[in-house]
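Trainee: Residues per chain are reported as follows:
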Amino acid sequence: MVDLQIPRGFSSLIPSGEQGELRAQLNRDRRIVLLSGTPVVNLRSEVSGVSARVCRGGSYGFASMPEVNEEALRRVLKSAEENAAVLDRHLNKGKAARKAVPRALIAPGTSWTDAEQKVYLDYLRELDAWIAGLPHLTSRRLVVACDSTEKHLVTGDGAEAHTAVPRCYLYVDLNAETKNGDAVELSKAFGGFGGFDDWFRDPAELRGQVEKLHLQLMEKREGVYAKAGKCTCILGGELSGMLAHEAVGHTVEADLVIGGSVGGPNLGKVVASPLVNMTDFAREAFGETAPLPVYCDDEGVEAQDAPLIRDGVLVGFMHDRESAQRFGALPLGNARAYSFSDEPLIRMRNTAVHPGKDKLEDIIASVEDGYYLLNTNNGQADTTGEFMFGVTLGYEIKKGKLGQAILDTTISGVAFDMLKTVDMVSDKVVWESSGYCGKKQPMAVGLGGPALRCRLTIGGR
Amino acid sequence: MDKLFAAAQAALDALTALGAEKASVRVQDSETLELNALGGEFTLMRSLLDRELSLTAIRDGRRGTAKVNRLDADAIRRTAEDCMAVAASGESDPAWDLAPAPETGDFTSGTLKADPDRLFERSKELLDSIAKAYPHVIVEELITEHRLTREVYLNTAGSRFTDISGHYSVDLMFSGHAGEQATSFFGSTVTAPDLDQPFLELGTLAKDLQSAERSLDAETTQGTCMGDILVHPDLLMEFLEVAADLFCSDQALINGTSPWKDRLGEAVASPSLSVRAAPLDGRICGGDKYTGEGFLSRDYDWLKDGRLESFCLSLYGANRTGLPRALNEDFCPVMAPGDKTLEELIGSIRNGLLVGRFSGGEPSPNGDFSGVAKNSFRITGGKLGKAVNETMISGNLADMLKNVGGISAELVCSGGYVLPWVIFRDVLISGG
Numbered sequence: 001m002v003d004l005q006i007p008r009g010f011s012s013l014i015p016s017g018e019q020g021e022l023r024a025q026l027n028r029d030r031r032i033v034l035l036s037g038t039p040v041v042n043l044r045s046e047v048s049g050v051s052a053r054v055c056r057g058g059s060y061g062f063a064s065m066p067e068v069n070e071e072a073l074r075r076v077l078k079s080a081e082e083n084a085a086v087l088d089r090h091l092n093k094g095k096a097a098r099k100a101v102p103r104a105l106i107a108p109g110t111s112w113t114d115a116e117q118k119v120y121l122d123y124l125r126e127l128d129a130w131i132a133g134l135p136h137l138t139s140r141r142l143v144v145a146c147d148s149t150e151k152h153l154v155t156g157d158g159a160e161a162h163t164a165v166p167r168c169y170l171y172v173d174l175n176a177e178t179k180n181g182d183a184v185e186l187s188k189a190f191g192g193f194g195g196f197d198d199w200f201r202d203p204a205e206l207r208g209q210v211e212k213l214h215l216q217l218m219e220k221r222e223g224v225y226a227k228a229g230k231c232t233c234i235l236g237g238e239l240s241g242m243l244a245h246e247a248v249g250h251t252v253e254a255d256l257v258i259g260g261s262v263g264g265p266n267l268g269k270v271v272a273s274p275l276v277n278m279t280d281f282a283r284e285a286f287g288e289t290a291p292l293p294v295y296c297d298d299e300g301v302e303a304q305d306a307p308l309i310r311d312g313v314l315v316g317f318m319h320d321r322e323s324a325q326r327f328g329a330l331p332l333g334n335a336r337a338y339s340f341s342d343e344p345l346i347r348m349r350n351t352a353v354h355p356g357k358d359k360l361e362d363i364i365a366s367v368e369d370g371y372y373l374l375n376t377n378n379g380q381a382d383t384t385g386e387f388m389f390g391v392t393l394g395y396e397i398k399k400g401k402l403g404q405a406i407l408d409t410t411i412s413g414v415a416f417d418m419l420k421t422v423d424m425v426s427d428k429v430v431w432e433s434s435g436y437c438g439k440k441q442p443m444a445v446g447l448g449g450p451a452l453r454c455r456l457t458i459g460g461r
Numbered sequence: 001m002d003k004l005f006a007a008a009q010a011a012l013d014a015l016t017a018l019g020a021e022k023a024s025v026r027v028q029d030s031e032t033l034e035l036n037a038l039g040g041e042f043t044l045m046r047s048l049l050d051r052e053l054s055l056t057a058i059r060d061g062r063r064g065t066a067k068v069n070r071l072d073a074d075a076i077r078r079t080a081e082d083c084m085a086v087a088a089s090g091e092s093d094p095a096w097d098l099a100p101a102p103e104t105g106d107f108t109s110g111t112l113k114a115d116p117d118r119l120f121e122r123s124k125e126l127l128d129s130i131a132k133a134y135p136h137v138i139v140e141e142l143i144t145e146h147r148l149t150r151e152v153y154l155n156t157a158g159s160r161f162t163d164i165s166g167h168y169s170v171d172l173m174f175s176g177h178a179g180e181q182a183t184s185f186f187g188s189t190v191t192a193p194d195l196d197q198p199f200l201e202l203g204t205l206a207k208d209l210q211s212a213e214r215s216l217d218a219e220t221t222q223g224t225c226m227g228d229i230l231v232h233p234d235l236l237m238e239f240l241e242v243a244a245d246l247f248c249s250d251q252a253l254i255n256g257t258s259p260w261k262d263r264l265g266e267a268v269a270s271p272s273l274s275v276r277a278a279p280l281d282g283r284i285c286g287g288d289k290y291t292g293e294g295f296l297s298r299d300y301d302w303l304k305d306g307r308l309e310s311f312c313l314s315l316y317g318a319n320r321t322g323l324p325r326a327l328n329e330d331f332c333p334v335m336a337p338g339d340k341t342l343e344e345l346i347g348s349i350r351n352g353l354l355v356g357r358f359s360g361g362e363p364s365p366n367g368d369f370s371g372v373a374k375n376s377f378r379i380t381g382g383k384l385g386k387a388v389n390e391t392m393i394s395g396n397l398a399d400m401l402k403n404v405g406g407i408s409a410e411l412v413c414s415g416g417y418v419l420p421w422v423i424f425r426d427v428l429i430s431g432g
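Chains A and B, in that order, are what the protein sequence lines are.
Each residue of the first sequence is one higher than the one before, starting from 1 at the first, in the working numbering.
Each residue of the second sequence is one higher than the one before, starting from 1 at the first, in the working numbering.
Quick caveat, the hints were computed from the structure, so don't treat them as lab data.
Any given hint might turn out to be false.
Each computed DSBU-like pair below joins lysine-lysine, with the alpha-carbon atoms no more than 35 Å apart [to be verified]: (1) K22/B with K78/A; (2) K118/A with K22/B; (3) K124/B with K99/A.
According to the in silico footprint, chain A covers these stretches of chain B (three or more CB under 8 Å from chain A) [claimed, not checked]: (4) 67-78; (5) 225-237; (6) 370-377.
From the three backbone atoms N, C-alpha and C, an ideal C-beta is built for every residue, glycine too.
Using the sequences plus the hints, can you model the full thing?
Mentor: Below, the structure is given as structure tokens:
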């Protein structure tokens with residue numbers, strides 16, 4: 001077993017004037033992949049170690065080791081100081097130390113059960129045997145992916161945090177063929193924050209949702225290609241969450257603003273319809289616990305919500321302590337590291353478009369000719385806000401009524417242009433938290449939103 | 001290496017003692033020295049030590065794997081127990097296996113000792129050169145590093161490999177800027193065995209920086225048409241990897257979703273297309289020398305004159321499907337040069353795009369894809385025109401590979417591939 005406790009008093013080893021952090025961390029991964037009934041991946045993995053980061057004159061040094069003990073803590077601190085000194089000698093920035101932040105003492109005390117592999121497999125087998133009986137499937141793939149991150153952090157400012165983020169998901173991928181023999185696929189992730197038994201006790205409880213996925217796949221088998229070009233679309237919550245994260249969120253991360261993102265020149269300007277509000281939530285959102293709550297970041301800053309868009313106006317960026325000082329803003333707990341060997345970077349937590357007042361059925365009824373887009377498997381955006389999202393499930397809308405399903409396609413647009421076309425916002429938010437955001441390091445994030453009626457470009461034939 | 005050998009042998013012994021009939025162990029340690037710059041300024045220097053113990057065991061046809069990044073006796077024992085418990089929880093599948101005959105090999109490549117000062121100089125030289133020669137470019141992020149890995153592989157069939165590898169790499173992300181006008185981001189990643197050449201001379205870095213500045217003069221595509229796309233080597237690499245995954249991987253063939261599933265030995269692509277999966281090619285940095293199943297890696301023809309010569313199957317995938325396994329698991333595509341220069345290829349296109357990057361969703365299992373053409377330029381009447389924005393390209397990857405319109409004489413070596421620019425005919429191009 002790995003004891004993540006950093007001994008009392010070690011924070012005082014971080015030299016004054018070289019503000020920094022010491023972190024001990026353990027990441028666990030459990031994964032099983034069942035391909036048409038056969039386990040093809042059956043894996044348990046644990047990665048642990050310690051790291052230190054210090055700052056000298058504005059230059060940062062970082063070091064890590066795959067051991068958790070006092071000797072390793074002393075060694076990484078020494079190496080980090082040496083690295084900062086090397087960089088400082090070359091660059092001689094002469095910057096003052098970062099502003100101190102309020103001393104945080106965080107111990108949320110999350111607990112969960114780290115199940116044995118057999119528990120996952122037994123559940124998967126039972127669910128898989130039932131899925132195998134569904135008609136017209138050519139193959140199926142079930143994945144259990146449970147990961148957890150536990151940390152003990154101490155900082156030169158006296159902050160101390162014990163945090164734990166366990167996640168557990170079950171992915172169901174179903175495959176079928178169109179009448180032309182082309183393969184079509186649909187996937188859905190179930191689960192969220194917590195351990196396996198918090199979400200998955202009886203496979204029979206998941207049948208209703210898998211049946212719905214199967215029905216959608218059968219509709220997709222008969223699907224048509226979307227007509228390429230600009231059109232009116234309703235983005236379902238999964239896609240509006242993707243938009244919030246990929247196309248807006250990244251452009252207002254302060255490190256990307258420094259790198260020239262479109263967020264920089266738009267601060268304080270209208271970037272969206274007045275119906276649009278967006279926040280990067282820390283612990284709670286819309287009166288409930290956020291999908292992946294963050295209590296304290298890896299610089300020892302107690303996490304608070306970061307407002308991004310208010311009534312269509314861009315009102316803020318997300319920061320670490322360094323960028324907050326540069327922009328004259330408050331750090332709100334966005335500096336996060338994935339593994340023990342990763343330095344804190346500016347990352348989102350739970351980024352979402354706020355709900356509006358419209359009913360989804362009214363929004364659909366309002367569209368003369370367009371598409372209702374529900375599921376996505378992939379999203380990318382540029383620092384210009386130009387985005388592309390893969391769409392794996394959607395329907396035509398003709399004269400206010402849902403029509404045929406469409407085959408896989410892609411939508412694109414420029415976030416701050418497209419958001420100005422939003423003229424209806426549904427009253428329900430859909431959250432998604434099963435994926436990883438990639439930005440040098442992976443990071444577990446939550447993203448969500450309501451249905452949005454807007455204009456954008458759709459790919460197709 | 002002695003410590004790694006000792007840990008590997010201890011882990012193999014532990015698995016055997018716990019009842020493994022077949023088992024393999026990989027032990028690796030690594031040292032990374034990394035420099036980071038943000039917004040064109042150096043910000044951070046990192047030194048990272050890490051290690052990994054990776055175990056695989058087969059018992060009664062049931063397979064388990066377990067990983068940990070510790071090598072102490074307690075960690076080895078516990079991880080071996082974990083691995084066997086995982087195997088016991090699985091289902092028997094006779095397809096799981098290891099290389100039947102023992103193979104051995106010791107490999108060393110690249111520069112084994114990092115030179116921090118030289119790395120800093122080369123990195124600073126790159127930032128200074130960009131600031132001087134490309135004034136409209138902002139470097140969003142630069143990561144340069146030296147990474148040394150030492151690895152030992154042992155299995156119960158008697159295979160024994162060692163690999164010591166040290167390489168430098170540069171990862172540059174940047175965009176063009178003029179006032180509030182900005183281009184899409186450009187990304188270039190190159191791996192090199194040493195620091196002999198300035199970073200700017202590696203891969204397509206200089207060309208990409210030039211493209212970022214040229215992209216500031218952009219126009220929006222109107223309407224929809226069929227056209228030709230001339231694909232950057234980085235993007236060709238992506239297309240080839242996706243094709244290998246969708247049409248030739250274990251999953252695609254076990255599931256039966258591959259449109260090439262019955263086409264081994266047949267023409268599936270243009271006769272002008274030949275691609276070798278060649279991790280041992282001298283221009284590839286750090287390609288795998290052996291496989292996780294205990295075979296020595298060997299380069300192989302994936303596509304030869306458009307004919308499908310091999311799937312990309314592991315031994316497991318081969319046993320499940322009855323098809324031959326691939327001779328390596330690292331891909332590393334290498335192509336021979338074409339007979340026309342890049343300029344001549346552009347001159348041969350009446351209507352189309354030079355596509356630098358593709359931002360698209362995962363293609364469907366049948367190869368259908370659509371996405372945004374990024375860092376791309378209009379080609380009309382054989383002339384390279386303005387950059388385009390908000391432009392999508394759509395097609396089918398299997399069809400596209402049949403429709404090659406030209407291959408450049410210029411080859412780009414990124415360290416992970418050796419590829420040319422390639423024209424694909426008749427792709428749907430659509431705008432707003």
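Trainee: Decide, hint by hint, whether the structure agrees.
Mentor: Here's how the hints hold up against the structure:
1. The suggested pairing of K22/B with K78/A is violated, with an alpha-carbon distance near 43 Å, which exceeds 35 Å.
2. Of the pairs offered as hints, the one joining K118/A and K22/B holds, with about 21 Å between alpha carbons and a cut-off of 35 Å not exceeded.
3. A threshold of 35 Å between alpha carbons decides the hint, and for K124/B with K99/A the separation of about 29 Å falls inside it, so the pair holds.
4. Closer than 8 Å: that is the beta-carbon criterion, and the stretch 67-78 of chain B has 4 residues meeting it against chain A, so the requirement of 3 holds.
5. Counting residues of the stretch 225-237 of chain B whose C-beta lies closer than 8 Å to any C-beta of chain A gives 0; at least three are required, and the coverage claim is violated.
6. Given as covered by chain A, the stretch 370-377 of chain B passes the check, having 4 residues with a CB less than 8 Å from a CB of that chain where 3 are the minimum.
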